[in-house]
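Trainee: Fit chain B to the known structure of chain A by using the hints.
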Amino acid sequence: MKLFRFTGALILLAIVWPALAGSLSDRISGVFSGNQTDEILDPEQAFRIDSRIIDGSTLEVRWDVEPGYYLYRDKFAFEAEDAELGLGAIRLPAGEMIDDPLFGEVAINTGEVNAVIPLQRPTSGGRSLDLKVHYQGCKKDSVCYPPISKTLSFSLPPVTSNTSVFAAATPAPIAEQDAITQRLVEGSLLANVLVFFGFGLLLSLTPCVFPMVPILSGIIVGQGRELSTRGAFILSLVYVLAMALTYSVLGIIAGSFHFNLQSAAQDPWVIIAFSLVFVLLALSMFGFYELQLPSGLRQRLNTLSHRQESGSTFGVGIMGSLSAVIVGPCVAPPLAGALLYISQTGDALLGGLALFAMGLGFGVPLLIIGTSAGKLLPRAGIWMDRVKAVFGVVMLGVAIWFLERILPGPVTLMLWAALIMVSAIFMGALDRLEAAARWTRVWKGLGLVMLVYGVALIIGAATGGSDVFRPLSPQLLQGVAGVASENSAPEFRIIKSPVDLQRELQQASLQGKPAMLDFYAEWCVDCNQMEAKTFPHPGVKQALKDIVLLKADVTANDEVDRALLRQFELFGPPAILFFDPDARERRAYRLVGFVGAEDFIAHVNEATGS
Amino acid sequence: MKPAVAVAGVLSIMIVAAIGGFVVHQSLKPDLGSGTVRSNPDPGEVLGKRRPDFSLPDLEGEMRSLNEWDGKLIVINFWATWCPPCREEIPVFMELQEEFADRGLQFLGIALQEAEEVRDYVNETGMNYPVLTGYREVIKIAAALGNYMGALPYTVVINREGVIEFVKAGPLDLETARSTLLQYL
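Keeping their order, the protein sequence lines are chains A and B.
If you're matching positions, the first sequence starts at 1498 in this note's numbering and goes up one per residue.
If you're matching positions, the second sequence starts at 97 in this note's numbering and goes up one per residue.
With the rest of the complex left out, here is chain A (with noise of 0.2 Å):
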């Protein structure tokens, strides 16, 4: 694995080199230098600790540990802040042992650390909890560390069921969005896989597998001599696990570089690069323009690759794994997709499992086409472009979502109603039928289906809905004047800078009240849900009556809206905090994600210690 790190890092360098080129610097401003020359970094950057929610009872903690470093085995600590809660047996890596000339066998950990800690809990309900967690470890040869002590905070989620009380540790509060890929995240190796394949198989089905099909055939009855059925299939078969093989270092290079969606979409810059791109990609699969390798290399590669001595089994797969990358920009986008999703897990062995799958998928039909010896060649059609063109709608939804966290709920809507009543269009929703085949009226009538959704979605639009799956909820449909007279949310004073929340929380302080502090954005789809259903309930005013509360609205996320949210650790919305009436933060009772009625009330009670 170490390896494939080491590949992978190598080639992420050439791409990449000036992003990388930024971060070194950050590193090495954080090394001694003076008068000497070995570099040591600095304890948090050698030993990069990460955590998150495996379920309401189980957390994970986890430690980078840069090559070079380790930490002791027998150093770990764990103490959970919370007198009720109890830890149960942490399982850590076994290590590896080295000798130490006082303390004799010593186990250290190095490279990636997992401890997996469960949790015993009294209550199935959601509740915080501020984990200690103490390490100690050394650079090899060079320098120790003193004993590292740090507090992880997490909202737990109810133990029972996976409702949308969301919430990971801080500081990378997950949005709803985020949720769900957490969720797709946490799904069992096997779906993945299997997943894998299917889009794999989907993937075979656009002409992004013909440039294969001559290379295979030319193997085959290249041979010269009559070649049985047999000896086909395992020619095709070599060619076609060579280029799942090909695609799967690929997923492990993305596996192993483990990057946070969550924190990096908090930037809009981000969001809006990434949605072009995406855009762009869906583009190609409209076939406005084709992504292809300049065709001077990929001439190159096809020379090469007939150089290669058919009939070898070796030729062959290094047949296999060149075609990979020839077709490679004609797969791109949904590789991207694909490519995206896995380094969000951080699991090489997932990373390249599921890529590996994806080539076999990819490769089902080759292999038909090889054992056939080309006789089963698929006639290519319209149907194909029709395949692509699935594709370029799913990017453009993906281009949509990404763009939810920074557009208004009405404009996402009316961007998933437009998506949807084209497609429909095209779909032949509004074609007429003249005594059209059965698959023309299939299509029709999904397409009318589309239409309609797609109208109800624009309604939810223009009367400022925001859900996509629900874009008239009752309260649109009944109007809002209900809403406003009797459910009025409680009142908040909006507060703008650290100076003002200051000033805030010392008059909260000198009435001697506790205050909570709502973080809230336009843009940000828990808060509007808090919003609309949570703080209008009449139990939750009550709950909030002799509670100061305030509000930041980081819509603009300018310099002084990040200051704060950088004082409090949050990289962005949604974030309530509670204060105590000596204006501390009481961050155990930090809620982070959409809290129903009920849950709220509980959690406020707790956190105002009524």
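It is possible that part of the hints are untrue.
[Claimed, not checked] Derived, one-sided and incomplete: chain B residues facing chain A with beta-carbon distance under 10 Å:
1) T177
2) C182
3) G246
4) L248
5) P249
6) A273
[Stated by the list, open to error] Derived lysine-lysine pairs resembling DSBU-like cross-links, with alpha carbons at most 30 Å apart:
7) A/K2010 with A/K1993
8) A/K2010 with A/K2030
9) A/K2048 with A/K2038
10) B/K168 with A/K1637
11) A/K1647 with A/K2048
12) A/K1629 with B/K236
13) A/K1572 with A/K1629
14) A/K1647 with B/K236
15) A/K2048 with A/K2010
16) B/K236 with A/K1572
Source of the hints: derived by calculation from the structure; they are not laboratory data.
Cβ atoms here follow ideal geometry from the backbone N, Cα and C, with glycine treated the same way.
Mentor: Same frame as chain A, now just chain B:
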């Protein structure tokens, strides 16, 4: 293939690569946004500065002040028994202490540990220079001497005028240590 198409293809790949680069850069940044990452000032900042004053308990629990060794070439070595590279260089320091004692060289070990944790080790190895101990205080002193992360071993050379001449994080071998010290003796 039309050249325009090829250009479009290459451009798209470049865009993807650039964005990938940005993302990788973002993901490599440690502890985004928390604002708690200390930048480690160059130890060059403490070089040429006057040493701070401090006192710490020795193995017998008696407070010892750094002033006690004024006028000598002082080598302060931060260490701990749980730090293998530290233990490796201690014999080097013992040897140099012996060699240069009559030329006014004074080694001073500061352990990032409690006295009882180091006493046995000091006796067994027969360390021939004083050892002071402590925890929080020691981390503060190390920081004041340019070691902001408390990494061990850390060695500081203070000349006879009380000016910091040399700092080093990580172990020193006999050759380097001797030639360094000879410059200031």
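Trainee: Min Cβ distance, B/A273 to chain A: is it shorter than 10 Å?
Mentor: violated (12 Å)
Trainee: Less than 10 Å between beta-carbons is the criterion; does B/G246 satisfy it with respect to chain A?
Mentor: holds (4 Å)
Trainee: Any CB of chain A closer than 10 Å to the CB of B/T177?
Mentor: With a closest approach of 6 Å, the B/T177 hint holds.
Trainee: B/C182 was flagged as interface toward chain A. Is the shortest Cβ-Cβ separation under 10 Å?
Mentor: holds (7 Å)
Trainee: Hey, B/K236 versus A/K1572, does the alpha-carbon distance stay inside 30 Å?
Mentor: Holds, because 23 Å separates the two Cα atoms, which is no more than 30 Å.
Trainee: Is the hinted pair A/K1572 and A/K1629 satisfied, with a Cα-Cα distance of at most 30 Å?
Mentor: holds (13 Å)
Trainee: Should the hint that B/L248 touches chain A count as held when the rule is a Cβ pair under 10 Å?
Mentor: B/L248 check passes; min Cβ-Cβ to chain A is 5 Å, inside 10 Å.
Trainee: Taking only the CA atoms, is the gap from A/K1647 to B/K236 under or equal to 30 Å?
Mentor: At roughly 19 Å apart (the allowed maximum being 30 Å), B/K236 and A/K1647 satisfy the hint.
Trainee: For the pair we were handed, A/K2010 and A/K1993, check the Cα-Cα distance against 30 Å.
Mentor: holds (21 Å)
Trainee: CA of A/K2048 to CA of A/K2010, is that 30 Å or under?
Mentor: Answer holds: A/K2048 to A/K2010 is near 16 Å, not above 30 Å.
Trainee: For the pair we were handed, A/K1647 and A/K2048, check the Cα-Cα distance against 30 Å.
Mentor: Given pair A/K1647, A/K2048 holds - Cα atoms ~29 Å apart, limit 30 Å.
Trainee: Need the status of pair A/K2010, A/K2030: alpha-carbon distance at most 30 Å?
Mentor: holds (25 Å)
Violated hints, in rising order: 6 and 10; the structure is consistent with all others.
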